[in-house]
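Assemble the complex: chain A is given as a structure, and chain B must be docked to it using the hints.
If you read the sequences in order, they're chains A and B. The numbering used here puts the last residue of the first sequence at 306; the count rises by one with no breaks. The numbering used here puts the last residue of the second sequence at 1284; the count rises by one with no breaks.
Wrong hints could be hidden among the right ones.
[Stated by the list, open to error] The calculated lysine to aspartate or glutamate pairs, modelled on DMTMM-like cross-linking and capped at a C-alpha distance of 25 Å, are:
| hint | chain 1 | residue 1 | chain 2 | residue 2 |
| --- | --- | --- | --- | --- |
| 1 | A | Lys-7 | B | Asp-1122 |
| 2 | A | Lys-122 | B | Asp-1271 |
| 3 | A | Lys-122 | A | Glu-88 |
| 4 | B | Lys-1019 | B | Asp-1271 |
| 5 | B | Lys-1019 | A | Asp-128 |
| 6 | A | Lys-122 | A | Asp-203 |
| 7 | A | Lys-28 | A | Glu-59 |
| 8 | A | Lys-7 | B | Asp-1271 |
| 9 | B | Lys-1171 | B | Asp-1122 |
| 10 | A | Lys-221 | A | Asp-293 |
| 11 | A | Lys-7 | A | Asp-203 |
Hints in this document: simulated from the structure, not taken from any laboratory.
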Amino acid sequence: MLAIFIKRVFMAIPVLLAVATMTFFLIKLAPGGPFDAEKAVSPQVLKNLNAVYNLDASEWEQYTDYMTGVIQGDFGPSFKYPGRSVTEMIASGLPITFELAMYAILIALVIGVLSGVLAALKRNTMLDFIPMAIAMIGICVPTFLMGPLLVLIFGIQLELLPVAGWGQLAGDKILPSITLGFAYAAYIARLSRGGMLEVLNQDFIRTARAKGLTERMVVIKHAMQGGLIPVVSFLGPAIAGLLAGSFVVETIFQIPGLGRFYVEAALNRDYTMILGTTIFFSAMIVFFNLISDLASLWLNPRSRDV
Amino acid sequence: MSSNSSLWSDAIYRLTRNKAAMIGGGILVALITCALLAPWIAPYSYSYQDLDLGASPPSAEHLLGTDILGRDLLSRILYGARVSLLVGFVATGVALVIGVSWGIIAGFFGGRVDSIMMRIVDILYGLPFIIFVILLMVIFGSNLWLLFGAIGAVEWLTMSRIVRGQVIGLKNQEFVLAAKAMGVSNFSMFKRHLLPNILGPIAVYATLTIPQVMLLESFLSFLGLGIQPPMSSWGTLIKDGVESMEEYGWLLIYPGLTFTITLFALNFFGDGLRDALDPKTTDN
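The following block holds chain A by itself, in its conformation from the complex:
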């Protein structure tokens, strides 16, 4: 177990390095530099600007300087917001995005696992059909449609909940969290139903029942441990999806999180911001995939040798 852990961690480092390098040189291909949009500046000013942004160095030097900075947590200055550093912007957006993602994943897990397990236990009854039909809706209605629809219904028609912001008005965190979590609740419900159905047919469950355990013990102690492995393996990739979802949700609900910063940076061509956030996002995703891999290994000893 420890050997696998160490091996996986060491695999992650070259991957991250490769991503950072590729992104860095891809961004260099992009047209334009800092302050391109502004009026023509004198050569002296241009020279000073280039010095500030380290653009007068050779490309290799820029790369090594940048990477040295990144390792120390310094992603350089923003192209579009003079005086602000990319690290500062990540630091200000991250807690908000993190909180939003946590609520979403919590909603998704609670609703998804409960309804999936229940659907598997009450197979081919209304308790199976209705949640699974709703789950199908959750999978087919994209986040960028679900969000506005929820706003239209609960925010504008019923006037129950605020339609924008984060932490300013009471209840303004509810709609964004539900919007982001809904699709995942749907996936998790389907995965846990499928996983549970598979496990419930197996011999050890019959044994558990035969020795007289209550149905509740059978489900909680025996079936769920194996039946929920697909859900655990799904959580790693889900983090990547949540990130993409946060781009949409933070845009719709005007939330000043990392996702919205990223989309704005992409639309404004704020190259240093794009570069910094891309590296940062990649690191997070690799990290969460690692955790989810290790968790499924821990839950499923049979796959450890592979």
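Positioned in the frame of chain A, the structure of chain B alone reads:
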């Protein structure tokens, strides 16, 4: 193919008995027909503006109403279908070509080649590909062909895993060994012997990839990073609809409904196809 069609005729029989899949398939055929015929059946051009009219609710002249610039929504949805479906099919095609070749080569050669190729897939799986697509769109500007390529380049991973698994199952069977013994070249081995036997899972997975690709395209367009005006896809229509949904709800509802129904149809048809080709999975 007619002599060895028992699997396929069985599958077609099962598929035709699956109501959800047939309804999904019917909707898809209707949609594709409408998209192909858009220039002839659309009541207006997608760019025709009636600025005096502005945004108007559904009426006899404009069945689904008009947008802020007085453009007919029905026509725009029909033309948008062309872009959305085109992206769906072409990008899936790109993913198919990469994923199938990758999977066949890895599965057939096995050993070192296999472990290196699949290791690469594992690593790529762990990367934030949506960000990669956005990055490409930002750097090279959003054009349709780049969009096809970028999305296709992202979606091939699962396909390669499925194909590899199938090929590994096939490659030790007698007919493959016989072909090998007769000195069949690797290329015709892939083309004549392996590919026809794994068409089923490929078809199923391709059908289920199309909605994902369409979602990705509309996601990018929604953020303003995908299809650029005056061209419209369902994603851009939904984006426009969201911007004016408080006053002109129909601008969000109809494109959203069209898109959702399409995704439903594709998913139901794909699920039906999977059940039809592989009865064992029906239980799940």
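Against the structure, the hints:
1. This hinted pair checks out: A/Lys-7 and B/Asp-1122 have alpha carbons roughly 14 Å apart, not beyond 25 Å.
2. Among the hinted pairs, A/Lys-122 with B/Asp-1271 is consistent with the structure: their alpha-carbon atoms are about 22 Å apart, no more than 25 Å.
3. Straight-line distance between C-alpha atoms of A/Lys-122 and A/Glu-88 comes to about 51 Å, which puts the hinted pair past the 25 Å bound.
4. Our distance criterion of 25 Å between C-alpha atoms is met by B/Lys-1019 and B/Asp-1271, whose separation comes to about 12 Å.
5. Distance hint between B/Lys-1019 and A/Asp-128 is fulfilled; the C-alpha atoms sit about 19 Å from each other, no more than 25 Å.
6. Of the pairs offered as hints, the one joining A/Lys-122 and A/Asp-203 holds, with about 19 Å between alpha carbons and a cut-off of 25 Å not exceeded.
7. Taking the CA atoms of A/Lys-28 and A/Glu-59, the gap is near 9 Å; set against the 25 Å cutoff, the hint holds.
8. About 38 Å separates the Cα atoms of A/Lys-7 and B/Asp-1271, which puts this hinted pair outside 25 Å; it is violated.
9. For the hint pairing B/Lys-1171 with B/Asp-1122, the CA-to-CA distance comes to about 23 Å; that is within 25 Å, so the pair holds.
10. With a CA separation close to 22 Å, the supplied pair A/Lys-221 and A/Asp-293 stays within the 25 Å bound.
11. Restraint check for A/Lys-7 and A/Asp-203: the C-alpha separation of about 35 Å exceeds 25 Å, so the hint is violated.
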